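Fit chain B to the supplied structure of chain A, relying on the hints for placement.
For reference, the chains in residue letters:
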Amino acid sequence: MGVEYSIMKKTLIERIDVDSSGESNVVFSSISQEYDGLLLICSVRNDSTNLTFDIHPNGSSADRTRTTIQGSGAAATAATGTDITPLQDSSAYTANTFASTSVFIPNYTGSQTKGFSIESVTENDATTSYQRLQAGLWSNANAITSLELSTASLFAEHSSFTLYGVSAGSDGSTSVA
Amino acid sequence: MPETPTKLVVDVSTGEKTRVELTAEEIAQREADAAAYAQELADAEAAAEALATLKASARAKLVAGEALTEEEAATIVI
Numbered sequence: 000m001g002v003e004y005s006i007m008k009k010t011l012i013e014r015i016d017v018d019s020s021g022e023s024n025v026v027f028s029s030i031s032q033e034y035d036g037l038l039l040i041c042s043v044r045n046d047s048t049n050l051t052f053d054i055h056p057n058g059s060s061a062d063r064t065r066t067t068i069q070g071s072g073a074a075a076t077a078a079t080g081t082d083i084t085p086l087q088d089s090s091a092y093t094a095n096t097f098a099s100t101s102v103f104i105p106n107y108t109g110s111q112t113k114g115f116s117i118e119s120v121t122e123n124d125a126t127t128s129y130q131r132l133q134a135g136l137w138s139n140a141n142a143i144t145s146l147e148l149s150t151a152s153l154f155a156e157h158s159s160f161t162l163y164g165v166s167a168g169s170d171g172s173t174s175v176a
Numbered sequence: 000m001p002e003t004p005t006k007l008v009v010d011v012s013t014g015e016k017t018r019v020e021l022t023a024e025e026i027a028q029r030e031a032d033a034a035a036y037a038q039e040l041a042d043a044e045a046a047a048e049a050l051a052t053l054k055a056s057a058r059a060k061l062v063a064g065e066a067l068t069e070e071e072a073a074t075i076v077i
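From first to last, the protein sequence lines are chains A and B. Just so it is clear: in the first sequence, position 45 is 44 by numbering that gives the first Met the number 0, and no numbers are missing. Just so it is clear: in the second sequence, position 72 is 71 by numbering that gives the first Met the number 0, and no numbers are missing.
Rather than coming from a laboratory, the hints here were simulated on the basis of the structure. Keep in mind that this is a model prediction, so the values were computed, not measured. Glycine included, C-beta positions come from ideal geometry on N, C-alpha and C. One or more of the hints may lead you astray.
Within a straight-line C-alpha distance of at most 30 Å, the following computed DSSO-like cross-link-like pairs (lysine-lysine) qualify [as the list claims (entries may be wrong)]:
1. A:K8 with B:K16
2. A:K9 with B:K6
3. B:K6 with B:K16
4. B:K16 with A:K9
Beyond 10 Å from chain B on every Cβ pair, some chain A residues (computed) [said to hold, decoys possible]:
5. V25
6. S31
7. T66
8. A74
9. S99
10. P105
11. S110
12. L136
13. A140
14. A142
15. T150
16. S159
17. L162
18. V165
In isolation and in its complexed conformation, chain A is listed as follows (with noise of 0.2 Å):
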């Protein structure tokens, strides 16, 4: 007799990719509610100095909480905070390089607060570069049917955003009483 393995099967939704005039904010809206999960993968730069990003649920900044680890090349730091904040690249990091960054969204559909699991790291020919775990939470009982994103000024042509539903194996469940 065969073992049975589920397989997490990954479709992808959108892909968004920022031309030569920069985006402020990117927006994926009217998310299908038919996935477990949600992947969000980023190739980020920006023509700001700052090295974050910011992910607003259903467009909204209130609800969101997070806990970051962090490395820099040089020291560690750990910190917490009211948003949710992926790296991107700077505009003084090397030329055409960008930040990789994936998001895991698990049960975006449910009433209960959603959890971020972030991974992110920038790409930067120098000592300083970092990479960051993170977090985050959005304590809000409303379904995620929308996913903005914004920047402190523009993000960078050729950054792209690639957004993915993740569905469960069909004979992966198990319930714990």
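Just chain B, lined up with the frame of chain A:
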């Protein structure tokens, strides 16, 4: 007069793209986000600088055979 920043809204159910001007609240939020980032960066740099100073002091006292403070000892003994 500077242009009002816009946001690119992509309706992922249809692929339709629209550009919408940011509201005054959204612009204020962007400024608040940038200020929060600057504060966090300043705090992190101050903490790193303070740690470096403590480590340098601990190292100098060890070489000189002097007693370390609790804070200095904590930088070299886990």
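Checked hints:
1. A distance of roughly 27 Å separates the Cα atoms of A:K8 and B:K16; the hinted pair therefore holds under the 30 Å criterion.
2. Between A:K9 and B:K6 the CA atoms are separated by roughly 27 Å; this keeps the pair inside 30 Å, and the hint holds.
3. Taken as a hint, the B:K6 and B:K16 pair is honoured in the structure, with Cα atoms around 10 Å apart against an allowance of 30 Å.
4. With a CA separation close to 23 Å, the supplied pair B:K16 and A:K9 stays within the 30 Å bound.
5. A Cβ of chain B approaches the Cβ of A:V25 within 10 Å, the least distance being about 5 Å, so the stated non-interface status is violated.
6. Not every Cβ of chain B is farther than 10 Å from the Cβ of A:S31; the closest lies at roughly 7 Å, contradicting the non-interface assignment.
7. A:T66, annotated as away from the interface, keeps every beta carbon of chain B farther than 10 Å; the closest lies near 12 Å.
8. Listed as a non-interface residue, A:A74 fails to keep its Cβ farther than 10 Å from every Cβ of chain B; the least gap is roughly 4 Å.
9. Taking the minimum C-beta to C-beta distance to chain B, about 19 Å, the non-interface status of A:S99 holds against the 10 Å cut.
10. A cut-off of 10 Å between C-beta atoms confirms that A:P105 is not in contact with chain B; the least separation is 19 Å.
11. Interface exclusion of A:S110 from chain B stands, the closest Cβ pair being 22 Å apart, more than 10 Å.
12. Residue placement check: A:L136 keeps its beta carbon more than 10 Å from all beta carbons of chain B (closest about 16 Å).
13. Once the 10 Å rule is applied to beta carbons, A:A140 is consistent with being away from chain B; the minimum gap is 21 Å.
14. With a cut of 10 Å on Cβ distances, A:A142 stays outside the contact zone with chain B, its closest approach being about 15 Å.
15. The claim that A:T150 is not at the interface with chain B is violated, since a C-beta of that chain comes within 10 Å of its own (minimum 8 Å).
16. Non-interface status of A:S159 relative to chain B is upheld: no Cβ of that chain comes within 10 Å, the nearest being about 12 Å off.
17. The non-interface label for A:L162 is inconsistent with chain B: the shortest C-beta to C-beta separation is roughly 7 Å, within 10 Å.
18. Separation of A:V165 from chain B is adequate, the least Cβ-Cβ distance of about 15 Å exceeding the 10 Å criterion.
Of the numbered hints given earlier, the model fails hints 5, 6, 8, 15 and 17; all others are met.
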